[in-house]
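Chains as they are written, first to last, in our numbering: chain A, 174 to 557; chain B, 174 to 557; chain C, 174 to 557; chain D, 174 to 557.
It cannot be assumed that every hint is accurate.
Remember, identical chains collapse to one label, so a pair may be satisfied in a single copy or spanning two.
[What the hints assert, rightly or not] In silico DMTMM-like links for lysine to aspartate or glutamate, alpha-carbon gap of 20 Å or less: (1) Lys-419 - Glu-404; (2) Lys-549 - Glu-393; (3) Lys-355 - Asp-195; (4) Lys-549 - Asp-392; (5) Lys-302 - Glu-523; (6) Lys-447 - Glu-350; (7) Lys-417 - Glu-546; (8) Lys-447 - Asp-405; (9) Lys-447 - Glu-404.
Hints were generated in silico from the structure; no laboratory data involved. Source: prediction; values computed, not measured.
Residues per chain are reported as follows:
Protein chains: 4
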Amino acid sequence: MIEDGVLRFGMVGGAAGSLIGDVHRKGALFDGQAQLVAGSFSRDFERTLLAGEQRGLDSERLYRDFYEMAQSEAAREDGIDFVVIVTPNYAHYDAAKAFLLQGIHVVCDKPLTFSVEEGEELAKLAQDKGLLFCVTYAYSQCATLKQAQMMIKHGEIGDIQVVMAEYSQGWLATAVEKQGNKQASWRTDPAQAGISNCVGDIGSHIEHTVAYVTGLEIDELCARLDHFGGEDRPLDTNAVIMVKYKNGAVGNYWCSQVAVGYDNGFRVRIFGTKGTLEWCQEEPNYLNVIKLGQPRQRFSRGNAYFYPEAAAMSRLSAGHPEGYYESFASIYWKFTTALLKLKQGMELDEEDLDFPQAFEGVRGVKFIHRCVESSKRGSTWVRF
Amino acid sequence: MIEDGVLRFGMVGGAAGSLIGDVHRKGALFDGQAQLVAGSFSRDFERTLLAGEQRGLDSERLYRDFYEMAQSEAAREDGIDFVVIVTPNYAHYDAAKAFLLQGIHVVCDKPLTFSVEEGEELAKLAQDKGLLFCVTYAYSQCATLKQAQMMIKHGEIGDIQVVMAEYSQGWLATAVEKQGNKQASWRTDPAQAGISNCVGDIGSHIEHTVAYVTGLEIDELCARLDHFGGEDRPLDTNAVIMVKYKNGAVGNYWCSQVAVGYDNGFRVRIFGTKGTLEWCQEEPNYLNVIKLGQPRQRFSRGNAYFYPEAAAMSRLSAGHPEGYYESFASIYWKFTTALLKLKQGMELDEEDLDFPQAFEGVRGVKFIHRCVESSKRGSTWVRF
Amino acid sequence: MIEDGVLRFGMVGGAAGSLIGDVHRKGALFDGQAQLVAGSFSRDFERTLLAGEQRGLDSERLYRDFYEMAQSEAAREDGIDFVVIVTPNYAHYDAAKAFLLQGIHVVCDKPLTFSVEEGEELAKLAQDKGLLFCVTYAYSQCATLKQAQMMIKHGEIGDIQVVMAEYSQGWLATAVEKQGNKQASWRTDPAQAGISNCVGDIGSHIEHTVAYVTGLEIDELCARLDHFGGEDRPLDTNAVIMVKYKNGAVGNYWCSQVAVGYDNGFRVRIFGTKGTLEWCQEEPNYLNVIKLGQPRQRFSRGNAYFYPEAAAMSRLSAGHPEGYYESFASIYWKFTTALLKLKQGMELDEEDLDFPQAFEGVRGVKFIHRCVESSKRGSTWVRF
Amino acid sequence: MIEDGVLRFGMVGGAAGSLIGDVHRKGALFDGQAQLVAGSFSRDFERTLLAGEQRGLDSERLYRDFYEMAQSEAAREDGIDFVVIVTPNYAHYDAAKAFLLQGIHVVCDKPLTFSVEEGEELAKLAQDKGLLFCVTYAYSQCATLKQAQMMIKHGEIGDIQVVMAEYSQGWLATAVEKQGNKQASWRTDPAQAGISNCVGDIGSHIEHTVAYVTGLEIDELCARLDHFGGEDRPLDTNAVIMVKYKNGAVGNYWCSQVAVGYDNGFRVRIFGTKGTLEWCQEEPNYLNVIKLGQPRQRFSRGNAYFYPEAAAMSRLSAGHPEGYYESFASIYWKFTTALLKLKQGMELDEEDLDFPQAFEGVRGVKFIHRCVESSKRGSTWVRF
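With the sequences and hints as input, model every part of the structure.
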């Protein structure tokens, strides 16, 4: 029996061997606000059954596909409160739609959908039905980026003029998709990943995090996508994107999967008229802050000089590193807290919804499409 | 109902507001091998009841004290498999003894006990009764230190000659124990913390980690303990310890709680005839390795060049930071895996017991006593 | 009397208060292969006289302008062997031409000239007259970049695919040119600096260093120049430049003078199919090297694992930092060594001319023009 | 002819192949306040002649030994103003005495002498004769350490409680003195180096720099010297020294020449009641500053937030690295500036003598002796 104050959820995708599925599951469970009770973990039902057994689930709540799962769970009195979708990209749209139609709240991995229209349809559906929809841009959910966001809101770095952001990895430097790397196989396959691999997978994190932290809106962009790292790769593995924001600021985004020696080098630098902020995903407990004419400062998560809103996102005392799992725990913490409030009939305000919404997922898909479009037109400027 | 393959545990200490209690609980739950079912979370029974309710525990398994808890749980058919003790130091001995006497396996925070004799008694009791006993020196349980240990075992840095280790914090730079900081209150109080604060709390981590990674045994030491940071502090807040190992190598340990600007700067450097290893707790995903005549290398957790034993302790792919919670998750993973084996009647080998044992806890208490003794004798050399 | 083996030189520009003039002078004197004997240090003859006196020069070799200086020195038996031109950009062409016409070898600061045609004229003049011409792109002259160049030549990082380079400063974040900053005054004034400030001053260093180290040739570029940091600044203070190289590789250059908190952040990263190299001007004694599948390495200048060609450019033993002065000393060392050989009637080979030549200066001017052109055309691609 | 305002100097030691001799010479020449005119560069007169010729010296001012040099130069009207002594340690005393007796000012490398008595004799001689005496502890002469000194003087970090300093190198990790390494040969030979190698060579830099920056005076120390890195090495290659200062603060110094992977890792950390300062010789352009309760700051040399006294020691604008040569240039700048004032009959005040004096050299020798004494007595405490 699940006690009060704990939500029930199911998962689509995330069988044994899925790294990100495991991260989602641990993130959702981390703070004790949700319990896994159902799943369709794989297109291969045997794998679903195995995963379900390992996770202690009731076998009758293990499903052959997400349609069956959505219908059956919706019909149960103790049905799931929300679903977590962690399949390869191609299944996001159908899966999310199936659960929304059954009135079930959704957490879905990014990029949200293949097409902008699909994303918009999901966003509208959620809104029409009053359902919560979270797109798991997890990197943005950390105390140091919240601090950055607050500092910008309070004018501490003045007007933003330049944004330099990069997300560089080296894991596709060679054609590992031909050597049995499953992750590489689907990510480099247009049928499963969509029109972009690199921009879709990691470039989209840049887009989201910059928007989340700075509030800047892209006006135009000019992108060049490259297919390095293996002959005849159908999708991009490297991209540079020049960006103009509506406020007159400029940005430069680089994402790469062929940067030998880089593990997961997601780095954002924001330059304002009065100061600079620097953040790096591999050192998420720190934020570099430089004010005009002052020495470079290193903010360390957990110290008293953080804004209360940022301090609230810190779990451990200073110097005790938080990492990747905790960023997922935080996104689920916010989502389940909002959902618990909703179930209790409370009104949700903006602060309650401080996790990535469906419209942000749609904007992310649009970003991918605009980048591909620009690149195909010879890397010319396209309006966003 | 708890499914097969999942252990039941209870906690002593760790009511709301206890940072380390929460870390232990999340660590124990992280991999789904244990479930919290009982507790005596505070000397204040109201707080125990509150914490129990929040954690969804059956109220009949919330206890006024650990004696009652040990007896009652031992008497239940579905009683706890192990207990986790996270009280201030003074209660470790009595609590651990109570559970051991009832045949319940124990996980206990460090330093193990006030006196060496108490520690030895616990170790003997556990051994005599065939019970597992884990002392949570959690820092040692990370992939990068396992890699360091394996490299040393395989002779990659030759014979160790010098060890330089430090653990520096700044949180006691001012007398916060007089300003309502609870953590500071008990740590600076001999009645609750024992004969040492700084060496006991953090110096002991140095001792354990160096021993775990290098295998070196201390022969003699010379220590100087200082009581900086507030008038009339009865216990040490800073210490330097010179060490001679049995193999002829020398070490130098520094621990401090008055190092302004340091959050949790636990850093170990090991110098051998053929190479050097460097590790820092605040960057636990990395290990610096330098071979004689070669450039400095930075090993990044999750990459293929780690020893299999170290790779096995890595949860996430490279560049996705693991942190403090995960080190506790790992210690509990090892402990619960061993306990599950034991319950299935399997023989445990050395590898199964690769978590800090009772005798390591005893050695840690001895280290604290030797340091205090040396310091009191005018910082002269004492045999270990 | 000047002994054998020591060259005589004069300077145009570099009166008291000129930072770069002082650096050139110290660089030229550093290794004892040249002696300063003449100068026209300022348009203000009083300042020339003062500087000459301070530097112990014969007053008859202090000149009102460089025309007079070129003629008079050429007429003397003990006339200067070479001239060093360190004026603001606008005077480079006339000054260099005056000395070349008199048969005097030239060292000239970058950017070489305002127009490409002027640069080409100088290059041709030097060639026709058999005179040495050095353009002081000093950053490229350090042991670590020579090491990078050698590693690339030897195929250690495979085929280059991506180059990411940036040169960021913050000194023009506010309109200091209106507050009496002389350096800022001329650099932001088109009449003195030419068609570009930021790309001309620091973007051109990126262009040169990347070309020097990688050997890559730019095929096309797309640039956006911004005039941040003060109202109505006539010249650029920030630029992003997308680059396509002839071999199919791509590059991204960012230069900025409004990056608050950056002192002189010139950083180059080169990504090949088999490895990555990273260099940063503010840490010139180190080179990061990562080979495919291997840990990140930090090469430290002065160690035995450098190529002989790179080791030859190292003056001090490892760990004893070399800096900015030493890079100028190195460029002058190469130039004067070549000139001494030439004066002894020896043939110069490619290795002797491993300092920035006139044609590199011309290419640099062309780069500036192409960037401005692209930006003016709406940041569209232009052929190089 | 040497112009006014330029001093004449000679050198003892520093023939071709002497790294440190070359550094001294370049440092003395750097700012144009001194000119080399005489020398006894080697015990081997042929090598002296060769070096003299290469440096353009008059052959009559090249001497067989320093006695002859001192006498001859003192007898000349255009004799040297000061001598620079850069021999192995054993010759410092005799050479310095010879020149002092002839009324010639002295710059001498450290450690000053073999015995404390010899050092005291030199100091007294210099004082009695009114001669300047500089001991070249060059590391202390940089803008960032002057900034540290000023911050401490102004109380910015409160009362100092703890000093942690280390100087670690790896060049003697193997017995290179048996493989033809000349530097290693004399440094590991008691006849040439004195009673200590490691403490004498690099430990003494720690002693001086800490004293210079903090003003703390050592009261007692306890040292352990080790002879690692080669069989039967007669002198130490590693040492740890516990220090008590007269103000009640404590220090810990580590010096090593067997720390594989360390080039020249001289690092000083100073912990006060209100703040912390950190400095590292390999990054001499930066100073870490942390104030109680504030984020970590990185001061970058050349920026406006330095004290005027520190800014005055900065030659280049921020981000243009200064290094090892410049620290020697600075010590010679101060020495020659003071000497020029003295020659003009001006009174010298404390600020003029802000370079390491003879008494500091004596204190350094005493430090070496006390460390050796403590170590020999079983690493017990000895009064300083």
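Against the structure, the hints:
no.	hint	verdict
1	Lys-419 - Glu-404	between (38 Å within a copy, 19 Å between copies)
2	Lys-549 - Glu-393	both (15 Å within a copy, 17 Å between copies)
3	Lys-355 - Asp-195	within (16 Å within a copy, 36 Å between copies)
4	Lys-549 - Asp-392	both (19 Å within a copy, 19 Å between copies)
5	Lys-302 - Glu-523	within (18 Å within a copy, 57 Å between copies)
6	Lys-447 - Glu-350	between (46 Å within a copy, 18 Å between copies)
7	Lys-417 - Glu-546	both (16 Å within a copy, 19 Å between copies)
8	Lys-447 - Asp-405	between (46 Å within a copy, 19 Å between copies)
9	Lys-447 - Glu-404	between (46 Å within a copy, 15 Å between copies)
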